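Each chain, written out:
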Amino acid sequence: MAATSSKPVPLLKDELDIVIPTIRNLDFLEMWRPFFEQYHLIIVQDGDPTKVIKVPEGFDYELYNRNDINRILGPKASCISFKDSACRCFGYMVSKKKYIYTIDDDCFVAKDPTGHDINALEQHIKNLLSPSTPFFFNTLYDPYRDGADFVRGYPFSLREGVPTAVSHGLWLNIPDYDAPTQLVKPHERNTRFVDAVLTIPKGSLFPMCGMNLAFNRELIGPAMYFGLMGDGQPIGRYDDMWAGWCIKVICDHLGLGVKTGLPYIWHSKASNPFVNLKKEYKGIFWQEEIIPFFQAATLSKDATSVQKCYIELSKQVKEKLGVVDPYFVKLADAMVTWIEAWDEINNSAEEKTTENKTAVAAAK
Amino acid sequence: MSQVIINDNEVDIVIGALHSDLTNFMTEWKPVFSRFHLIIVKDPDLKEDLKIPEGFSADVYTKSEIERVVGSSTAIRFSGYACRYFGFLVSKKKYVVCIDDDCVPAKDDAGILVDAVAQHIVNLKTPATPFFFNTLYDPFRKGADFVRGYPFSLRNGVDCALSCGLWLNLADLDAPTQALKPSQRNSRYVDAVLTVPVRAMLPVSGINIAFNRELVGPALVPALVLAGEGKLRWETVEDIWCGLCVKAICDHLSLGVKSGLPYVSRAERGNAIESLKKEWKGVKLMEEVVPFFQSVRLPQSATTTEDCVIEMAKAVKEQLGKVDPMFSQAAAAMEEWVKLWKSVGSA
Numbered sequence: 001m002a003a004t005s006s007k008p009v010p011l012l013k014d015e016l017d018i019v020i021p022t023i024r025n026l027d028f029l030e031m032w033r034p035f036f037e038q039y040h041l042i043i044v045q046d047g048d049p050t051k052v053i054k055v056p057e058g059f060d061y062e063l064y065n066r067n068d069i070n071r072i073l074g075p076k077a078s079c080i081s082f083k084d085s086a087c088r089c090f091g092y093m094v095s096k097k098k099y100i101y102t103i104d105d106d107c108f109v110a111k112d113p114t115g116h117d118i119n120a121l122e123q124h125i126k127n128l129l130s131p132s133t134p135f136f137f138n139t140l141y142d143p144y145r146d147g148a149d150f151v152r153g154y155p156f157s158l159r160e161g162v163p164t165a166v167s168h169g170l171w172l173n174i175p176d177y178d179a180p181t182q183l184v185k186p187h188e189r190n191t192r193f194v195d196a197v198l199t200i201p202k203g204s205l206f207p208m209c210g211m212n213l214a215f216n217r218e219l220i221g222p223a224m225y226f227g228l229m230g231d232g233q234p235i236g237r238y239d240d241m242w243a244g245w246c247i248k249v250i251c252d253h254l255g256l257g258v259k260t261g262l263p264y265i266w267h268s269k270a271s272n273p274f275v276n277l278k279k280e281y282k283g284i285f286w287q288e289e290i291i292p293f294f295q296a297a298t299l300s301k302d303a304t305s306v307q308k309c310y311i312e313l314s315k316q317v318k319e320k321l322g323v324v325d326p327y328f329v330k331l332a333d334a335m336v337t338w339i340e341a342w343d344e345i346n347n348s349a350e351e352k353t354t355e356n357k358t359a360v361a362a363a364k
Numbered sequence: 001m002s003q004v005i006i007n008d009n010e011v012d013i014v015i016g017a018l019h020s021d022l023t024n025f026m027t028e029w030k031p032v033f034s035r036f037h038l039i040i041v042k043d044p045d046l047k048e049d050l051k052i053p054e055g056f057s058a059d060v061y062t063k064s065e066i067e068r069v070v071g072s073s074t075a076i077r078f079s080g081y082a083c084r085y086f087g088f089l090v091s092k093k094k095y096v097v098c099i100d101d102d103c104v105p106a107k108d109d110a111g112i113l114v115d116a117v118a119q120h121i122v123n124l125k126t127p128a129t130p131f132f133f134n135t136l137y138d139p140f141r142k143g144a145d146f147v148r149g150y151p152f153s154l155r156n157g158v159d160c161a162l163s164c165g166l167w168l169n170l171a172d173l174d175a176p177t178q179a180l181k182p183s184q185r186n187s188r189y190v191d192a193v194l195t196v197p198v199r200a201m202l203p204v205s206g207i208n209i210a211f212n213r214e215l216v217g218p219a220l221v222p223a224l225v226l227a228g229e230g231k232l233r234w235e236t237v238e239d240i241w242c243g244l245c246v247k248a249i250c251d252h253l254s255l256g257v258k259s260g261l262p263y264v265s266r267a268e269r270g271n272a273i274e275s276l277k278k279e280w281k282g283v284k285l286m287e288e289v290v291p292f293f294q295s296v297r298l299p300q301s302a303t304t305t306e307d308c309v310i311e312m313a314k315a316v317k318e319q320l321g322k323v324d325p326m327f328s329q330a331a332a333a334m335e336e337w338v339k340l341w342k343s344v345g346s347a
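Keeping their order, the protein sequence lines are chains X and E. Residue 1 is where the first sequence starts when you use our numbering, and the numbers rise one by one after that. Residue 1 is where the second sequence starts when you use our numbering, and the numbers rise one by one after that.
Think of the hints as simulated: they come from the structure by calculation, not from any bench. Predicted model, so just to flag it, every value in this text is computed and none were measured. C-beta atoms are modelled at their ideal positions from N, C-alpha and C, and glycine is treated no differently. Each hint should be verified, as a subset may be incorrect.
[As the list claims (entries may be wrong)] Reference listing, derived: stretches of chain X covered by chain E, where coverage requires no fewer than 3 residues with Cβ under 8 Å from a Cβ of chain E:
#, region
1, 147 to 158
2, 165 to 179
3, 284 to 293
4, 297 to 309
[As the list claims (entries may be wrong)] Some chain X residues flagged as far from chain E (calculated, every beta-carbon gap over 10 Å):
#, residue
5, T50
6, I53
7, S78
8, F82
9, K111
10, R237
11, H253
12, E344
13, I345
Turn these sequences into a full structure, and let the hints guide you.
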C-alpha cells in the first residue's frame, strides 16, 4: 500500500457525502480528520432528538434528528427506522452528491502491514471510479489495480468491464460476525490483511455490511434502502444485508458491478452478543426463505431504472415473502414509500435544500 | 476448524517436463516434494533425455510409454503442456498436484517458503462455499469464519474438487498484456483462498493447480490443443478450456472450485513479443466460447463426472462445432478421454 501523508489530496471532495448514523457521539471523527475534513458530512442522529450531538470543530456538515426526519418526510417518515443504524439511509436520500461513503461511529483508521494509516475513503473512490468485472472471474482479482491485470484466458471482449455501483470494505479487529458466532468465538479478531479488491460475480449474493461502504448514488442510490429495523420491528441487524441483497439483484439486472475487499477500517467495538441474538433471532430463520427468494428473483425487461427495479422487487417481496411473516408485507410497503419519498425529495431537490439547511441552522 | 492431516499416500505430484534438465526445479522443490510420489511425464516432442536428481520417489513416462498405454490412434495429443494429462490418467491417488517446470517455491511476505502442496491439499480437504459469497473469504481458515448474514443452511459447504493457485514474479498474463507491460511483475501476495461462486466462469491456469482425482479426474481433458501450439504458456489455451469445462461440471454436480493461495514463483522465460507473432487462434477461440459457457446446462440425468464430460462434449459439438472445427475436435477428444479414463484411469 502506498504511504499516505498526513494531508492526502482529496478526490471528489465536492461530489461525495459521508453519511454517519450516530446515537452516542462523534469522537471517532477526530481520528479521521485528515481524511474526512474536506468532505461534507451528513449526520443522522438516531434515538432521542433532544440530545445534542457535538460535531468536532472544522467539519462541514448537516445533521438530522428524528424530528427533522418526521418534518421533512411527513407520513412517509414511517419507512425510516428508529433506534437502529438503518436510519442512515435517510442521509442517502437527502444527499445531493454523486457518491456516498457511510461509516459507523465505532470504526477507526486501520494500519496496513507496513504500518501506514489506511486512507479508506481514497481506496473506496478508486474502487468506484474503476470498472467492475462481474461476467468472468479474474484470478488476479481487480485487474485495474496497479501491478495487476487480466490473466491469460480472460476474454478480451469483457475487459472493458462495467460501471462500479458499490464498494464494500472490510474490517480488522472485531469481525462482522452474527450473534451465534460471536458467542462461540468471543475472542476472535480479524488480523488477516487481504490485499485484494474483487468484483462479486453476477448471480452471486453476498452479506453486505454497512460499516464501511461506499456507492455511486446516481447509479444505485434508490435501492440502498436499509429496511424496517429497530423500535417496533421484529428484527434488527438485517438492514444492510437486506439492502445488499436488493442492490445485488438490481445491479446484476442493470449490468452494474459490486466490489468487495479493500479498504480495511479498524472496528473497535464488539456489540453485546446476547442483545444481538435477540435482534437477529427471527432473521436467522427468515434468512432461509429470504435467500432462495433473492437467488430466484428476476426483474422484467421493463425495469430499466433503479426505481422501477425496486418497485418490482417490492411486489415480489410482498407476494412471496409476505407468506413467511406479515413483517414482509409491511416491509414491501415501506420499500414503496421509500421510493416515493426518494423521488419527491430528489425531484424538488433545490427547494428542499434551502429549507433543510435553514431549519437545521435554526435548530442549532 | 480442525487441523487438516495430509497423508503422503493420498497425493501424486504430476510434472510435465518441457525442459530436459529438471535438476534446478526439483532441487528447489525438494523440501516440499520429497515426501510424495512424483509422476514425471516427458513432453513427447522433447528429444533430450531427462535429468532428474536423486532423492525422489518418481515414475517417469516418456513418449513410448504414453503410446503403449493409450495407443497411437487417438484424438488426444499429449504434446507440450498437454503431456501432464497423461500423468493425471495414470495416477492412482486421490489428490493430484500439478506445477509447471519453470516454477519454484514462493516466499510469503514474512519470507517463509510457501509449501504449495500442503496449501493445495488443505484447500481440497476443506469445504468450498459456492452458493453464497463470504466476504471474509475462506471461512474455514484459522482466524476467519462466516460473516453475519451468511445463511446457516449453507455453512456446511460442499466438497472442493479443484484448487487454483497463483504466481508471483511472472504472473500468467497473456502475451499482448505482457508485451505492453514488459517490466510488470506480480509482487502482491494476497493472503486469501476463496470459493469461485457457482455459475461464475474463470480462467483456470494450469501452471499451479490441484484437484481431487476421485471427484473430477475425468473432467480434466486435454481437448483444445492448438495446431501451432508452442512450448510457452502464452501460446496455449488447453488449460483455459479444460478449466471452463471443469467449472461447468462442478457447478452441475455441486462441487467447489477454489482460487487464491498457494503462490508459486514463476521464472522468466520467453519473450512475449515473440509469442505475439504466432497466430492468435487461441485468443479468438476463447471469444467464441463465453456465451456457450454462460448458458450451458447439463441434464439432470448426468450424475457422474464421466456422464457430465460426455454431455459437455455433446453440447460443444452441437453448439460450437459450427463456429470452428477445432471445437468438434475438442468434443471428440473429450469423448475419447472418457473411454480412456474408463479403461486406464480406473484400472
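Here is how each hint holds up against the structure:
no.	hint	in the structure
1	147 to 158	holds (count 12)
2	165 to 179	holds (count 6)
3	284 to 293	holds (count 4)
4	297 to 309	violated (count 0)
5	T50	holds (32 Å)
6	I53	holds (26 Å)
7	S78	holds (25 Å)
8	F82	holds (21 Å)
9	K111	holds (15 Å)
10	R237	violated (7 Å)
11	H253	holds (15 Å)
12	E344	holds (31 Å)
13	I345	holds (29 Å)
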